[in-house]
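Protein chains in written order, with this note's numbering: chain A, 20 to 280; chain B, 20 to 280; chain C, 20 to 280.
For the record, the hints were derived by calculation from the structure and aren't laboratory data. Backbone N, C-alpha and C fix where the C-beta goes; we use that ideal spot for every residue, glycine too. Where hints are given, some of them may not hold.
Unchecked claim - Okay, derived cross-link-like pairs now, DSS-like style, lysine-lysine, Cα gap no bigger than 27 Å in a straight line:
{"#": "1", "chain 1": "B", "residue 1": "K32", "chain 2": "C", "residue 2": "K24"}
{"#": "2", "chain 1": "B", "residue 1": "K261", "chain 2": "C", "residue 2": "K264"}
{"#": "3", "chain 1": "C", "residue 1": "K89", "chain 2": "A", "residue 2": "K92"}
{"#": "4", "chain 1": "B", "residue 1": "K261", "chain 2": "A", "residue 2": "K273"}
{"#": "5", "chain 1": "C", "residue 1": "K110", "chain 2": "A", "residue 2": "K188"}
{"#": "6", "chain 1": "A", "residue 1": "K261", "chain 2": "B", "residue 2": "K106"}
{"#": "7", "chain 1": "A", "residue 1": "K245", "chain 2": "B", "residue 2": "K245"}
{"#": "8", "chain 1": "C", "residue 1": "K65", "chain 2": "C", "residue 2": "K89"}
Stated by the list, open to error - If you only want the chain C side, here are some residues facing chain B, beta carbon under 10 Å, derived:
{"#": "9", "residue": "L26"}
{"#": "10", "residue": "L27"}
{"#": "11", "residue": "I31"}
{"#": "12", "residue": "S95"}
{"#": "13", "residue": "K99"}
{"#": "14", "residue": "G156"}
{"#": "15", "residue": "V157"}
{"#": "16", "residue": "N158"}
{"#": "17", "residue": "P166"}
{"#": "18", "residue": "A169"}
{"#": "19", "residue": "L175"}
{"#": "20", "residue": "P176"}
{"#": "21", "residue": "M179"}
{"#": "22", "residue": "Y181"}
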Amino acid sequence: MSTNKILLNKIIKGSIFEIILNNPSKRNPLSLELILELQHLFDSIKRNKKIKVILLKSTGPSFCSGHDLKEVKSFSSSNKKLSNLFKKCSKMMMTIRELPQPVIACVDGIAAAAGCQLVASCDIAIATKTSFFQTPGVNIGLFCSTPMVAISRKVLPKDMMYMLLTGEKISAKLAKDYKLINLVTEKKHFHKKILAISNKLIKKSFESIKIGKIAFYNQLEMPLEKAYDYTSMVMTKNMQTKDAKEGVEAFIKKRAPNWTV
Amino acid sequence: MSTNKILLNKIIKGSIFEIILNNPSKRNPLSLELILELQHLFDSIKRNKKIKVILLKSTGPSFCSGHDLKEVKSFSSSNKKLSNLFKKCSKMMMTIRELPQPVIACVDGIAAAAGCQLVASCDIAIATKTSFFQTPGVNIGLFCSTPMVAISRKVLPKDMMYMLLTGEKISAKLAKDYKLINLVTEKKHFHKKILAISNKLIKKSFESIKIGKIAFYNQLEMPLEKAYDYTSMVMTKNMQTKDAKEGVEAFIKKRAPNWTV
Amino acid sequence: MSTNKILLNKIIKGSIFEIILNNPSKRNPLSLELILELQHLFDSIKRNKKIKVILLKSTGPSFCSGHDLKEVKSFSSSNKKLSNLFKKCSKMMMTIRELPQPVIACVDGIAAAAGCQLVASCDIAIATKTSFFQTPGVNIGLFCSTPMVAISRKVLPKDMMYMLLTGEKISAKLAKDYKLINLVTEKKHFHKKILAISNKLIKKSFESIKIGKIAFYNQLEMPLEKAYDYTSMVMTKNMQTKDAKEGVEAFIKKRAPNWTV
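Work out the full structure: start from the sequences and follow the hints.
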């Protein structure tokens with residue numbers, strides 16, 4: 020692309036928000052600058068009701084290579100700077116979960132270290148067959164300790180340990196078997212598949228997705244009984260929304276629902 | 020069947036307790052009435068030592084479609100009624116875990132929303148090849164927030180999110196890949212498979228299953244060290260039972276054990 | 020082998036520590052003696068920086084059959100002795116996680132009960148195609164309550180319950196599908212595969228593996244936000260190590276790194 024911005028965005032069909040990591044010559048690294056731009060962007064769309072789904076893409080051939088190691092090196096004389104980098108990155112990753120919109124990682128290329136963490140932090144992930152996933156920190160003496168927080172909450176421990184200890188690239192097919200991603204597709208069908216799933220999601224009641232997505236991650240960290248108390252309350256409130264009343268009514272009357280937004 | 024009861028039950032072979040959801044024309048919905056009947060039934064067999072395994076079946080073609088939406092609608096003017104419905108349902112689901120007997124979901128047909136939660140709440144699940152699983156709340160503006168509590172404790176988050184956000188039906192084969200169910204079978208082998216696994220379970224020491232099943236779900240929510248302290252105590256007590264003494268003795272002497280019940 | 024020691028060990032290539040369960044006629048049971056010997060051995064190598072990877076093997080045809088039931092029986096008149104056995108065993112299992120070195124279970128034969136727990140407790144597991152995994156306590160009236168602590172933290176609940184309730188042997192292929200193990204191999208390639216993965220691991224920065232492995236299991240039990248706070252601190256400290264500085268430098272300069280040990 021002809022821009023020198025490291026982060027691009029555009030709206031498709033009025034409600035699909037496409038974010039593009041755009042520093043391809045450096046393999047789209049999660050520099051502090053990019054992290055802060057992503058944070059700013061997420062914060063700015065959090066309350067935008069027109070946006071119903073977020074796509075996280077990249078200008079190829081990489082998806083995201085993780086932290087910018089030259090930057091990490093330049094920060095290494097200051098614990099404060101390093102700590103700030105990892106905390107800002109963690110905050111940005113957690114913000115993905117707090118967004119009301121579903122966030123879909125659209126991976127075409129390598130997703131390594133914090134780049135792999137980014138994929139893990141999204142709600143849904145789709146990847147081309149030739150994409151790779153990796154936690155290579157062990158190869159440079161800097162274990163992928165923050166990336167593993169997100170990834171180990173999506174895949175089971177033996178698979179995670181294999182990735183962390185060997186630092187090996189794993190294929191998209193294996194990443195799907197690990198449950199790190201949802202779908203693997205031929206490159207020629209990549210955009211069609213992304214649009215297909217986006218189109219499905221934008222037709223849902225955004226009000227209910229907003230309620231449900233936040234509740235999902237909240238209840239996941241609760242013991243069972245507390246999770247049920249919490250979600251019983253959530254469903255009771257959800258049923259008071261216009262969308263739920265309309266949706267239930269439409270279902271009973273066997274007609275299509277009309278959502279508020 | 021010629022009855023108008025929405026819940027049937029019978030004992031097979033003296034120790035297999037078969038529960039049948041029996042409101043097929045309405046797709047066996049989890050109405051408050053059915054929830055309370057299930058609760059009552061579970062409570063009544065909790066201490067029945069003759070019952071060694073519980074099968075949860077349905078009068079087809081559906082397994083269970085979730086809450087009765089007409090009822091949900093009729094409750095929607097009262098937060099108290101709605102909240103009571105979801106709490107009673109949650110309590111019934113948790114009771115399945117607290118039963119000493121293994122509960123096997125025998126799914127032939129659609130298991131949707133709270134119906135899918137019911138499958139997730141059972142200890143083991145077997146389904147016919149043509150069965151489907153779904154969390155379709157997002158399609159009617161009422162996110163499957165209570166169902167996801169049970170399901171997200173059985174499957175990994177990316178798979179769960181895909182189900183919740185798309186509201187799509189997933190096949191029995193995919194549900195097995197998700198680890199929501201254990202076995203998929205041709206319809207013609209369905210009853211044979213259910214009997215085969217039931218027959219295996221009723222030959223085990225019920226005393227040890229009772230101890231182990233409760234301990235399993237308890238330890239699952241503990242940090243590792245506490246879980247080991249707890250289960251070390253459980254095994255010590257277990258070893259004091261007649262069945263364990265008999266079982267260990269029989270194993271050493273290479274003979275079949277004679278259980279207390 | 021010509022020794023009568025129940026636990027053997029040797030160093031391969033200067034940094035691979037091979038531990039061999041060596042009581043084949045009794046199927047390598049985890050007697051209190053073996054548990055204490057393993058504990059002692061683990062404690063003695065914990066601070067040995069020459070050892071970079073630990074292999075847990077067996078003298079065949081069994082890997083490990085679990086507790087010694089004759090011993091369990093002899094302890095059964097004393098709750099104190101039984102409790103001590105299970106606690107010492109649990110402690111030994113937890114020590115595997117606390118070792119700085121990656122521990123690879125190399126399974127060729129049956130891994131049952133506490134033997135299966137041993138496999139689950141290792142960081143990585145590789146098994147021959149003909150190996151089997153089993154939690155057979157239910158068959159002798161003594162539910163596998165301590166083994167399930169380790170196993171249920173590696174596999175999903177429905178799979179775990181199937182193993183626990185049926186007591187059935189599951190194949191290496193199925194154990195891989197359950198994510199209990201990482202790799203299944205033909206027996207003729209077993210040692211080659213073990214060496215291949217060991218050789219990969221010993222070339223990594225041991226300093227970073229040490230930091231990362233401990234952090235991995237610690238963060239796994241924390242809620243998300245706390246896990247990020249913790250690992251942000253871990254990565255900051257990690258970046259101050261000689262290995263990380265060297266590794267990052269080498270990566271930027273596109274040369275091979277020279278680790279401290």
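Now the hints, each set against the structure:
A threshold of 27 Å between alpha carbons decides the hint, and for B/K32 with C/K24 the separation of about 51 Å lies outside it, so the pair is violated. Distance check on the hinted pair: B/K261 and C/K264 sit about 62 Å apart at the alpha-carbon level, beyond 27 Å; violated. Under the criterion of a C-alpha separation no larger than 27 Å, the hint pairing C/K89 with A/K92 is inconsistent with the structure, at around 59 Å. Pair hint B/K261 plus A/K273 does not hold up; C-alpha atoms about 59 Å apart against a cutoff of 27 Å.
Between C/K110 and A/K188 the alpha-carbon distance is near 34 Å, which puts this suggested pair outside the 27 Å criterion. As the CA atoms of A/K261 and B/K106 are separated by approximately 22 Å, the hinted pair is consistent with the 27 Å bound. The straight-line distance between the Cα atoms of A/K245 and B/K245 is roughly 20 Å, inside the 27 Å bound, and the hint therefore holds. The straight-line distance between the Cα atoms of C/K65 and C/K89 is roughly 32 Å, outside the 27 Å bound, and the hint therefore fails.
Interface hint at C/L26: violated, since its Cβ lies 22 Å from the closest Cβ of chain B, which is beyond the 10 Å cut-off. Interface restraint check: C/L27 against chain B, minimum CB-CB distance 27 Å, threshold 10 Å, status violated. Contact between C/I31 and chain B, as hinted, is not supported at the beta carbon level, the nearest pair being about 30 Å apart and thus beyond 10 Å. The beta carbon of C/S95 comes within 5 Å of a beta carbon in chain B, closer than 10 Å, and the hint placing it at the interface holds.
With its C-beta approaching chain B no nearer than about 9 Å, C/K99 sits inside the 10 Å limit, and its interface hint holds. With a cut of 10 Å, the hint placing C/G156 at the interface with chain B holds, because the nearest CB-to-CB distance is about 7 Å. Annotation: C/V157 was flagged as interfacial toward chain B, and the flag holds, the nearest CB pair being 5 Å apart, inside 10 Å. For C/N158, the interface hint holds, since its Cβ comes within 10 Å of a Cβ in chain B; the closest pair sits about 7 Å apart.
Hint status for C/P166: holds, given a least beta-carbon distance of 9 Å to chain B, under 10 Å. For C/A169, the shortest C-beta to C-beta distance to chain B is roughly 8 Å, which falls under 10 Å, so the interface hint holds. For C/L175, the interface hint holds, since its Cβ comes within 10 Å of a Cβ in chain B; the closest pair sits about 4 Å apart. With its C-beta approaching chain B no nearer than about 5 Å, C/P176 sits inside the 10 Å limit, and its interface hint holds.
A hinted interface residue such as C/M179 counts as satisfied when its beta carbon comes closer than 10 Å to some beta carbon of chain B; here the least separation is about 8 Å, so the hint holds. Hint status for C/Y181: holds, given a least beta-carbon distance of 5 Å to chain B, under 10 Å.
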